[in-house]
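Asks: Build out the structure end to end from the sequences listed, making use of the hints.
The sequence shown begins at 1 in my numbering and counts up by one.
Bear in mind the hints are in silico, worked out from the structure with no lab data behind them. Note that the Cβ used here is the ideal one computed from N, Cα and C, for glycine as well. A portion of the hints provided could be inaccurate.
Estimated spans, in silico, between C-beta atoms of each pair [said to hold, decoys possible]:
#1 2 <-> 38: 19 to 27 Å
#2 8 <-> 57: 26 to 34 Å
#3 17 <-> 71: 15 to 23 Å
#4 71 <-> 25: 16 to 24 Å
#5 9 <-> 53: 27 to 35 Å
#6 69 <-> 20: 15 to 23 Å
#7 10 <-> 33: 27 to 35 Å
#8 71 <-> 19: 17 to 25 Å
#9 1 <-> 28: 27 to 35 Å
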Amino acid sequence: MDIVCNLRVIFAEIKTKDRTFRQEDFAERVGLSKAALSALVNGHTLPTLPVAYRIARALGRPVEEIWESKDETKENDYVPTRSAEGDRLHEGRTGED
Numbered sequence: 001m002d003i004v005c006n007l008r009v010i011f012a013e014i015k016t017k018d019r020t021f022r023q024e025d026f027a028e029r030v031g032l033s034k035a036a037l038s039a040l041v042n043g044h045t046l047p048t049l050p051v052a053y054r055i056a057r058a059l060g061r062p063v064e065e066i067w068e069s070k071d072e073t074k075e076n077d078y079v080p081t082r083s084a085e086g087d088r089l090h091e092g093r094t095g096e097d
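Replies: This is the structure we're talking about:
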């Protein structure tokens, strides 16, 4: 499973609103070293669940927004959808064929 880290983009958004934001301060706030946070931001490593949770809470965002799966498994992506009559659920494809 390929996981993409969006911390670089999120931090850039924060910096446009708060010029005093520093990754070093954020790392300290979530209990990481500057080097450990840098490895996460640059996609060199993935966080443990507790670390991902602390980062997500500190940013006020869901973990899934920070780390996204980039697997392209369209044939397995089924979601319940309403039938034309609107009364029964059936499996529908999420991707384009």
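Asks: Work down the list of hints and note, for each, if the structure agrees.
Replies: Consistency of the hints with the structure:
1. 2 <-> 38: 19 to 27 Å: Once the Cβ atoms are compared, 20 Å apart, the range 19 to 27 Å for residue 38 and residue 2 holds.
2. 8 <-> 57: 26 to 34 Å: Between residue 8 and residue 57, where Cβ atoms are some 19 Å apart, the hint is violated.
3. 17 <-> 71: 15 to 23 Å: 32 Å, violated
4. 71 <-> 25: 16 to 24 Å: 34 Å, violated
5. 9 <-> 53: 27 to 35 Å: 20 Å, violated
6. 69 <-> 20: 15 to 23 Å: Distance hint for residue 69, residue 20 is violated at roughly 33 Å.
7. 10 <-> 33: 27 to 35 Å: Since the Cβ atoms of residue 10 and residue 33 sit about 19 Å apart, the hinted range of 27 to 35 Å is violated.
8. 71 <-> 19: 17 to 25 Å: 37 Å, violated
9. 1 <-> 28: 27 to 35 Å: 30 Å, holds
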